[in-house]
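> Listed below are the residues making up each chain.
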Amino acid sequence: MDPSDGFGSPRHEATADPAWASFCSWLECVCVVTFDLELGQAIELIYPQDVKLTEKEKTSICYLSFPDSYSGCLGDTKFTFRLRQSVGRRSSREDVYNRDAPVTLQKETAHFFGYVYFRQVKDVSVKRGYFQKSLVLVSKLPYTHLFHSLLQIIAPEYFEKLEPCLETVCNEIDQWPAPTPGQMLTLPVLGVILQVRIPSKTDKPAGSPVRQTLKESLVPAPMLLQTIHELDMFKCFQSVLFHLQMMWELMLLGEPLVVMAPSPTVCSETILALVSSISPLKFCCDFRPYFTIHDSEFREYTTRTQAPPNVVLGVTNPFFIKTFQNWPHVVRLGDIRMAGDLPKQVKVKKLSKLKTLDTKPGIYTSYKSFLHKDKIFVKRLLKGIQRKRPSEVQSAILRRHLLELTQSFIIPLERYMASLMPLQRSVTPWKTPPQIRPFNQDEFLSTLDHAGPQLTSLLRGDWMGLYRKFFRSPNFDGWYRQRHKEMTQKLESLHLEVICDADLLGWTKDKSEVEIVDLILKLKEKLIKAGQQQLQVKDGVLDKLNTFINSMISSLPQDQQALLNTP
Amino acid sequence: MALRELKVCLLGDTGVGKSSIVCRFVEDNFDPNINPTIGASFMTKTVQYQNELHKFLIWDTAGQERFRALAPMYYRGSAAAIIVYDITKEETFQTLKNWVKELRQHGPPEIVVAIAGNKCDLSDAREVPEKDAKDYADSIHAIFVETSAKNAINIDEVFTEISKRIPVVDGAGGSSARSFKLGRQTSESRRTCC
Chain A
1 MDPSDGFGSP
11 RHEATADPAW
21 ASFCSWLECV
31 CVVTFDLELG
41 QAIELIYPQD
51 VKLTEKEKTS
61 ICYLSFPDSY
71 SGCLGDTKFT
81 FRLRQSVGRR
91 SSREDVYNRD
101 APVTLQKETA
111 HFFGYVYFRQ
121 VKDVSVKRGY
131 FQKSLVLVSK
141 LPYTHLFHSL
151 LQIIAPEYFE
161 KLEPCLETVC
171 NEIDQWPAPT
181 PGQMLTLPVL
191 GVILQVRIPS
201 KTDKPAGSPV
211 RQTLKESLVP
221 APMLLQTIHE
231 LDMFKCFQSV
241 LFHLQMMWEL
251 MLLGEPLVVM
261 APSPTVCSET
271 ILALVSSISP
281 LKFCCDFRPY
291 FTIHDSEFRE
301 YTTRTQAPPN
311 VVLGVTNPFF
321 IKTFQNWPHV
331 VRLGDIRMAG
341 DLPKQVKVKK
351 LSKLKTLDTK
361 PGIYTSYKSF
371 LHKDKIFVKR
381 LLKGIQRKRP
391 SEVQSAILRR
401 HLLELTQSFI
411 IPLERYMASL
421 MPLQRSVTPW
431 KTPPQIRPFN
441 QDEFLSTLDH
451 AGPQLTSLLR
461 GDWMGLYRKF
471 FRSPNFDGWY
481 RQRHKEMTQK
491 LESLHLEVIC
501 DADLLGWTKD
511 KSEVEIVDLI
521 LKLKEKLIKA
531 GQQQLQVKDG
541 VLDKLNTFIN
551 SMISSLPQDQ
561 QALLNTP
Chain B
1 MALRELKVCL
11 LGDTGVGKSS
21 IVCRFVEDNF
31 DPNINPTIGA
41 SFMTKTVQYQ
51 NELHKFLIWD
61 TAGQERFRAL
71 APMYYRGSAA
81 AIIVYDITKE
91 ETFQTLKNWV
101 KELRQHGPPE
111 IVVAIAGNKC
121 DLSDAREVPE
131 KDAKDYADSI
141 HAIFVETSAK
151 NAINIDEVFT
161 EISKRIPVVD
171 GAGGSSARSF
181 KLGRQTSESR
191 RTCC
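Protein chains in written order, with UniProt numbering: chain A, 1 to 567; chain B, 1 to 194.
None of these hints come from the bench; they were simulated from the model.
Mixed in with the good hints there might be a few duds.
[What the hints assert, rightly or not] No farther apart than 27 Å at their CA atoms in a straight line, the calculated lysine-lysine pairs in the DSS-like style are these:
1) B:55 - B:89
2) B:97 - A:161
3) B:101 - A:161
4) A:235 - A:431
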């Protein structure tokens, strides 16, 4: 029998679940944003109806769901935005998903993604003469490719069949299995079956297999998505190929960067591709694939009284050229012409040239790369264009290159970090777990001579300088915190395991009641913490400790027992 | 053994028992208080048919009028459609005829149509004579059975009949001698009438 048979839970059982539980593991909400003659952009429809969004979040969603200036967007336009969650929102606890997912695919804790399908067509029945509407998926998950593939299926149907269609889609999503790292999932929607694999933290960091182009298949065979999050990397980078090295460094260092693009699609895809270029490192600065003058952080990010913040913004409105004149790195993309020939490559230009609205495409910066360009690699990609190598293959080559570059950079850091871990034999049951040694930058840099990136990368240049600068970036901070947390939890797990193996009952024999009570309380606290952090310990350890605690409690006088048994 | 995935959709008026039929087929149970389907729900079940495994990808659509326009997405690409009516409600049989027309006009040309007269356990309240329905089904070359999801009558049979009518794929199946090793048919043995 097929183990996947059955699927979902029958509705009579599902009604017992909290409303929309499965839906919420994928999406925060789905909304339709329309242009109202009196109100301007307004939410016309929202599912689930009782979704908890603040007024500020709703306003942001409304503004960000329409192209900044939509004269040039006739037809259907797809793009992605990211907005900040309102403060005071109950942050989700440590969840199992985030524990097992690759860091780059973890659920957002302070932001939402908005995946937009905007339609603008002539319509004489509307006063403005145009039908203008966006279907928006709001989610904490960075599954760009999956959600845009989903929109490609549902949005055209929605614009024709309206509310019952949306109601149907939301109910179907509510029957989906929750996203689980490492699992292949079957996601039925509107008569189509999507099949996706959710990557896991334990996957080998090899470039993904070459993606097949998504066919909108009409046959019942499932539509297999090769990826849930990857973009056509090559398409996104094609006009900055010569400066790939620089772009990678700017992202690695979390430098303030603005990308000005001719359309919301190019703009948001470029930002997302840039952010993913340092994978498997997590990009820890704020990034806005589509930033508009209506964004609630507009003032905060464009103030001239402070240095530009460590954020990466994608914009389309030419007005921003003036706003971002003082930013250190501005990439202006032109219309991309791809006719089999080399896509037009932008040039590096002086920042002072960034003045007028008709500024030419280019990278406006005074940044000097730490590492040399990999000219052979760029040539290889350019040859690929001449040979008409498919874009998916080019993307796979590009992604592989960036992955190897990032790996070369982080392997020495990982190795040094691992050396800070206390020896396993120093973890003993009778003492608190030993401390992880502090990260010493100079000590790390001194390891580079014999164990630096030169072992895995042929690229020459000032790696040392790059590390020094990296230490001051939010990306280093984020990486260090994550590793430190994992190592602390590992120590905690090891500690629980040695406690479990220790002769605790023997220890209690000649101890006073106070000491025993103290041990019980400490152990209880450890177990609660282990539960909260979803600690991974050997099978049976937690059960054994619980049994031990209970048997110790029952050996105590009655009054103590009552006290200790209260949760 | 070859595995074939067959998209099947259920169509028919609201309250005729589409979801109950699916529920009986997939999970072999029955809930008299099942809620109306919103949009559609999806279930799968694999059964052995001769030397093939047939994995039914079952799309159970909503019968309510407001979801009617969505039906094409579910019958699009379907190998079979099960159109259900309630033998105790004449008007559901009329709705069925409209579905047949729509499928003929817009459905896949090779689609296998099965007509299921559900709630045959309530024959005291019968409004649609079995013979009328049978004659109609014959006239359009459709499979015809009267079913009871409640009493598990003829539910597996509908799907077996569909399997029989699915065109054989050349070269599919492979060696039939080996197929027995893969185990017995997974569907529950059929139940007899009450």
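> Confirm or reject each hint.
Here is how each hint holds up against the structure:
1. For the proposed pair residue 55 (chain B) and residue 89 (chain B), the alpha carbon gap of about 32 Å is over 27 Å, so the pair is violated.
2. With a C-alpha separation of about 23 Å, the suggested pairing of residue 97 (chain B) with residue 161 (chain A) holds against the 27 Å cut-off.
3. At roughly 21 Å between alpha-carbon atoms, residue 101 (chain B) and residue 161 (chain A) fall within 27 Å of each other, so this suggested pair holds.
4. Distance restraint check for residue 235 (chain A) and residue 431 (chain A): the Cα-Cα separation of roughly 56 Å exceeds the 27 Å cut-off, and the hinted pair is therefore not satisfied.
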